[in-house]
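Following the hints, complete the assembly by docking chain B onto the known chain A.
Quick mapping for you: the protein sequence lines, in order, are chains A and B.
With the numbering used here applied, the first sequence corresponds to residues 1 to 125, in that order.
With the numbering used here applied, the second sequence corresponds to residues 1 to 377, in that order.
Keep in mind the hints are simulated off the structure, nothing from the lab.
Any given hint could be a false lead.
Derived lysine-lysine pairs resembling DSS-like cross-links, with alpha carbons at most 27 Å apart [as the list claims (entries may be wrong)]:
hint, chain 1, residue 1, chain 2, residue 2
1, A, K86, B, K360
2, A, K99, B, K360
3, A, K86, A, K101
4, A, K45, A, K101
Restraint ranges, calculated between C-beta atoms of paired labels, are given here [unchecked claim]:
hint, chain 1, residue 1, chain 2, residue 2, range
5, B, S2, A, K101, 19 to 27 Å
6, A, D26, B, T225, 41 to 49 Å
7, B, D313, A, F120, 44 to 52 Å
Built from N, CA and C at the ideal position, the CB exists for glycine as well.
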Amino acid sequence: MSARRYTKDHEWIIVDGDIATVGITDFAQEQLGDVVFVDLPAIGKEVTKGGEAAVVESVKAASEVYAPIAGTVVAVNDGLAGEPAKVNAEPFGGGWFMKLKVKDPSELDGLLDEAAYRAFVAESH
Amino acid sequence: MSLLAEGTLVDPGLLHRTPLHALHVELGARMVPFAGYDMPVQYPTGILAEHRHTRAAAGLFDVSHMGQVFLRGAGAVVELERLVPGDVRDLAPGAIRYTMFTAEDGGILDDLMVTRGPDHLFLVVNAGRKVEDVAHLRARIAGAVTVEERPDLALLALQGPAAARVLDRLAPGAGRMTFMTQAGLSIAGIACTVSRSGYTGEDGFEISVPGDAALGLARRLLAETEVRPIGLGARDSLRLEAGLCLHGHDIDGTTTPIEAGLAWTIAKRRRQEGGFPGADIVLRQLREGPSRRRVGLVPEGQAPAREGTEILDAAGLLLGKITSGGFGPTLGGPLAMGYVAARAAAFGTKVQLMVRGTAKAAAVAPMPFVPHRYAKP
Numbered sequence: 001m002s003a004r005r006y007t008k009d010h011e012w013i014i015v016d017g018d019i020a021t022v023g024i025t026d027f028a029q030e031q032l033g034d035v036v037f038v039d040l041p042a043i044g045k046e047v048t049k050g051g052e053a054a055v056v057e058s059v060k061a062a063s064e065v066y067a068p069i070a071g072t073v074v075a076v077n078d079g080l081a082g083e084p085a086k087v088n089a090e091p092f093g094g095g096w097f098m099k100l101k102v103k104d105p106s107e108l109d110g111l112l113d114e115a116a117y118r119a120f121v122a123e124s125h
Numbered sequence: 001m002s003l004l005a006e007g008t009l010v011d012p013g014l015l016h017r018t019p020l021h022a023l024h025v026e027l028g029a030r031m032v033p034f035a036g037y038d039m040p041v042q043y044p045t046g047i048l049a050e051h052r053h054t055r056a057a058a059g060l061f062d063v064s065h066m067g068q069v070f071l072r073g074a075g076a077v078v079e080l081e082r083l084v085p086g087d088v089r090d091l092a093p094g095a096i097r098y099t100m101f102t103a104e105d106g107g108i109l110d111d112l113m114v115t116r117g118p119d120h121l122f123l124v125v126n127a128g129r130k131v132e133d134v135a136h137l138r139a140r141i142a143g144a145v146t147v148e149e150r151p152d153l154a155l156l157a158l159q160g161p162a163a164a165r166v167l168d169r170l171a172p173g174a175g176r177m178t179f180m181t182q183a184g185l186s187i188a189g190i191a192c193t194v195s196r197s198g199y200t201g202e203d204g205f206e207i208s209v210p211g212d213a214a215l216g217l218a219r220r221l222l223a224e225t226e227v228r229p230i231g232l233g234a235r236d237s238l239r240l241e242a243g244l245c246l247h248g249h250d251i252d253g254t255t256t257p258i259e260a261g262l263a264w265t266i267a268k269r270r271r272q273e274g275g276f277p278g279a280d281i282v283l284r285q286l287r288e289g290p291s292r293r294r295v296g297l298v299p300e301g302q303a304p305a306r307e308g309t310e311i312l313d314a315a316g317l318l319l320g321k322i323t324s325g326g327f328g329p330t331l332g333g334p335l336a337m338g339y340v341a342a343r344a345a346a347f348g349t350k351v352q353l354m355v356r357g358t359a360k361a362a363a364v365a366p367m368p369f370v371p372h373r374y375a376k377p
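Same shape as in the complex, but just chain A (with noise of 0.2 Å):
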């Protein structure tokens, strides 16, 4: 399993195989604040660098996530749609939000490390 990157539009990306799992990072989470619906996306659907991917509503407004990768969605978290609040308890666990068959690995190269996302929320927020 990789180490987990990041985009700049704050989701996370965790690649096991051909396979990556995308969700929101805790400073997402935190800044929307109390998560109240997740729209995700159907099983199958293809998804592109930077495109949007899912919706994610908290009390105030909706924000779109996009997926941090091109691929095929595989499979979907189920369970956030009875506790969607697992995005703000546990956003790298079980507050994930898709998973993705990779089609190109080569565009894991240009995401952020755990060590530049720290400092560009740091320097950005």
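Frame of chain A, contents of chain B only:
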């Protein structure tokens, strides 16, 4: 992820601050620009917890950004009635009434609370409209009536089922006040003007206090075990569950009091006499029925439908748009209000909401979504 750009577009240095600003920061609030003020949207516990706490115990809200205006002079009642459809003349001393400034076309310039004081009328208007409201009053009010804006006063709201118990502890007698009345009370030694009113659907009080005493009052109230600070986020979810309008969203210059379902604010005498801006249109809509109405909407499933969402009938024809929508923590699901063609306004009418390009089923529902719990006599 598309994070909200709150606080990043406006230089916080250009925003007004209420007398409680430093307290909000000290309490760890997330501050956002709202109506030209730097205001707390939530405290560290978050909107859901703040909402639930207000419904279960008591929440303290800083609403000092709202406009407080005194009208003084012998003709104040007559002059104000020329601008609003509410009955001000028959308002008993110390009684409060909800009404609105109407335009010549019947649109709602702002909504407001009017209290008859011993020698004045006391108005509370929306923060985002107070400059326009005061200009409107000064331009339209004739005679020897003075319009006195009071930016030196702060306004705190204490809301929730424990509010009366808490306030009565600090100001004996507060608990005996009834809904929509006002009294001068000393709260823990601080002279205040206390109204039994609010914007949450719960019992509670709105407390007008000199700005320089507001911080002491807020700290004293927060020292009570039932009381926690509540931000604008929960204020919005609470008022939405209570079915209460937010000016600029659910009512504005393009909606009339009748379309907005606010005919109950127009007493019999004003219906007979008219004499307020837009009376011809408003009273005709009252007689004949408006072409569209503000309604409550409950979406099926858990996906919230936000402001601007199109409302369609079963055949796919456009009925109107959502004006406020989100998640109701007490309701436990999504809820909204919006305008629909009058033919679709009956409770139970099935409609479709276009959420991100997908039609989601919803039904027209009675408001409030969560029952009001006012201290009615």
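Okay, the hints, checked on the actual structure:
Of the supplied pair hints, the one linking K86 (chain A) and K360 (chain B) holds, its CA atoms being roughly 24 Å apart against a limit of 27 Å. Under the criterion of a C-alpha separation no larger than 27 Å, the hint pairing K99 (chain A) with K360 (chain B) is consistent with the structure, at around 26 Å. For the hint pairing K86 (chain A) with K101 (chain A), the CA-to-CA distance comes to about 24 Å; that is within 27 Å, so the pair holds. Between K45 (chain A) and K101 (chain A) the alpha-carbon distance is near 11 Å, which keeps this suggested pair within the 27 Å criterion.
The given range of 19 to 27 Å is respected by S2 (chain B) and K101 (chain A), whose C-beta atoms sit roughly 25 Å from each other. Hint check: D26 (chain A) to T225 (chain B), Cβ distance near 31 Å, so the stated range 41 to 49 Å is violated. In this structure the hint that D313 (chain B) and F120 (chain A) lie 44 to 52 Å apart at CB holds, the actual value being about 47 Å.
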